[in-house]
Amino acid sequence: MNLAGHDAHYLAAVWGIASALGIVALVCLALLFRRARKTAEIEEIERILAEHDLQEGGNRRDSHVSRRHGVD
Amino acid sequence: MEASIGLSELMTVTCGGERPATRARETMFAVLALASGLVLAAVWGLAAGSSSLELALADLYKVPMVVLLSAVTALPAGLVTLRLTNAKLRGAELAGAFATSIFGGTLVLATLAPLVAIYYHTSAKAGVPLALGSVFVALATASLLFARAVSRRIAGQPRAASLLAVVILVALFLAALLQFVALASPIIGVHGTALETGFDGLHL
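Protein chains in written order, with our numbering: chain F, 1 to 72; chain L, 1 to 204.
Please keep in mind that the hints were generated in silico from the structure rather than gathered at the bench. Computed from a prediction, not measured in an experiment: that's the story for all the values here. A portion of the hints provided could be inaccurate.
Beta-carbon label-pair distances, calculated as ranges [unchecked claim]: (1) F:Ala30 with L:Ser123: 34 to 42 Å; (2) F:Ala12 with L:Leu174: 20 to 28 Å; (3) L:Val167 with F:Cys28: 22 to 30 Å; (4) L:Gly156 with F:Ala12: 46 to 54 Å.
Pairs of lysine to aspartate or glutamate, DMTMM-like flavour, derived with a Cα cap of 25 Å [to be verified]: (5) F:Lys38 with L:Glu9; (6) F:Lys38 with F:Glu51; (7) F:Lys38 with F:Asp53; (8) L:Lys88 with L:Asp200; (9) L:Lys125 with L:Glu54; (10) F:Lys38 with L:Glu18.
Computed footprint of chain L on chain F, listed as stretches where at least three residues anywhere in the stretch have a Cβ under 8 Å from a Cβ of chain L [to be verified]: (11) 10-23; (12) 38-50.
Here a beta-carbon is modelled for each residue, glycine too, at the ideal position from N, C-alpha and C.
Looking at chain L on its own, in the form it has when it is part of the complex (with noise of 0.2 Å):
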């Protein structure tokens, strides 16, 4: 075992494979999978923001800031819920698995982002509603990631208050990414789209 990680091992423990035997290994593990995370993330931004070059410079940074904030705002809610609901779940593990799951979710970002390129060149139609939908796919991925390997860090023992702590993680970062991505607007082409109103845009 070394003390470097590469980007195989990373793709093992996001998939559920073994875990990083020491707590060391299993911060190094968290901040290279949010700091690849932000990389793929950045892929995506340039597709959504291709329209025009300013535009995918802007989403270039915009984007990979959007989701480390979101995070960010999000991630205390679910420490404090793991405490206050005396989680078996360490917080360390939660910041972990949160870690490994945005990067399976700005993965799928990526994998997508030529094919929202393309349509958003050479479609009317589908261009906007791909970018959006690559967003959500996105989103239910990481969600499934995360809560997958809160249940395998939690396996045999109760799980209620570990993955209540989930959902409010999710919940939150949900909610913080919809008005980041309102301020950051425009991202998905020069005009915006509704989701780029934020909170108040949406019919509720």
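Same shape as in the complex, but just chain F (with noise of 0.2 Å):
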């Protein structure tokens, strides 16, 4: 293999580096889809939460706490 006069040796490493970059590309994708995904779970209990209020039709949503233990 002979690419603008390099040689294999040569090429090699440029193979090296590009590879590792392109590892450090998957790591960066796996963070993106890591803090996309935990931004779609706060969006859907958002979400749930807001249909869960219009359906009680504006009346005061109960705590956790009271809601277990009957006292607020």
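Grab the two chains, each in its own frame, and use the hints to assemble them into the complex.
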């Protein structure tokens, strides 16, 4: 293999560096996915709470403590 | 709607179905599409390198890496074009459409992988041309899917600027792909192909 007059050893080193950058890109994608999933979960919870509030017709929603123990 | 995403949902979005409702889910879709595309590219790599165990194992890693590096090289140019032309399309939308089109293209590659493998082992004439042909079919499919996805996202708005970004992104992806294939060669067969000499090997 001979690209632009460089020998195989040089090109192997370039491929190694490129691969390392690719692995970094993969890690960044994994982090991006994790962050997006957390955001999506929060949005989903907010949506469910908003729907619940709507169903209650504006009534005050009890806290989880009052629902469990009957006090507020 | 759940926070998790299934492959069928990914297929629906790739085929032009209903898009994710929120930006976070759109990001999840884009990352999942790209990751799935890399797995599918690895399947094709296994078939294309099946002439020897060593090459097959190397292609399992090389082909997805070539696709990923080409995408990473091309994406900034597309995003800069969007900004410079004041296109209506958002950068995240362009990246999302690009990721789903890569998924579509690599899906074609993986679908053709068994055919590539069987011809590679049974035909001296058609083995390598078929492997190369499958790459060109996949590239054409991905380009069409990309253009269609972007067109749908900007329906009813000026299209020229956004489609210019698509053209530049595809052109840079192909240019980068050519050189990364050369750098990672051999990929198809032990002796490589004409494409594996990079841009210098093209008779223009």
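Okay, the hints, checked on the actual structure:
For Ala30 (chain F) and Ser123 (chain L), the Cβ-Cβ distance of about 40 Å falls inside the hinted range of 34 to 42 Å, so the restraint holds. Range check, Ala12 (chain F) to Leu174 (chain L): about 24 Å between beta-carbon atoms, so the 20 to 28 Å window is met. Between Val167 (chain L) and Cys28 (chain F) the CB atoms are about 26 Å apart, so this pair conforms to the stated range of 22 to 30 Å. One distance hint, 46 to 54 Å for the beta-carbon pair Gly156 (chain L) and Ala12 (chain F), holds here, with the actual separation near 51 Å.
Of the pairs offered as hints, the one joining Lys38 (chain F) and Glu9 (chain L) holds, with about 19 Å between alpha carbons and a cut-off of 25 Å not exceeded. As the CA atoms of Lys38 (chain F) and Glu51 (chain F) are separated by approximately 20 Å, the hinted pair is consistent with the 25 Å bound. Only pairs whose Cα atoms come within 25 Å are accepted, and Lys38 (chain F) paired with Asp53 (chain F) is accepted, the gap being roughly 23 Å. Under the criterion of a C-alpha separation no larger than 25 Å, the hint pairing Lys88 (chain L) with Asp200 (chain L) is inconsistent with the structure, at around 38 Å.
Using a Cα cut-off of 25 Å, the hinted pair Lys125 (chain L) and Glu54 (chain L) holds, with the two alpha carbons roughly 23 Å apart. Only pairs whose Cα atoms come within 25 Å are accepted, and Lys38 (chain F) paired with Glu18 (chain L) is accepted, the gap being roughly 22 Å. With 7 residues bearing a CB less than 8 Å from a CB of chain L, the stretch 10-23 of chain F meets the requirement of three and the coverage assertion stands. With 6 residues having a beta carbon nearer than 8 Å to a beta carbon of chain L, the stretch 38-50 of chain F meets the requirement of three or more and the stated coverage holds.
Consistency with the previously given hints fails for number 8 only.
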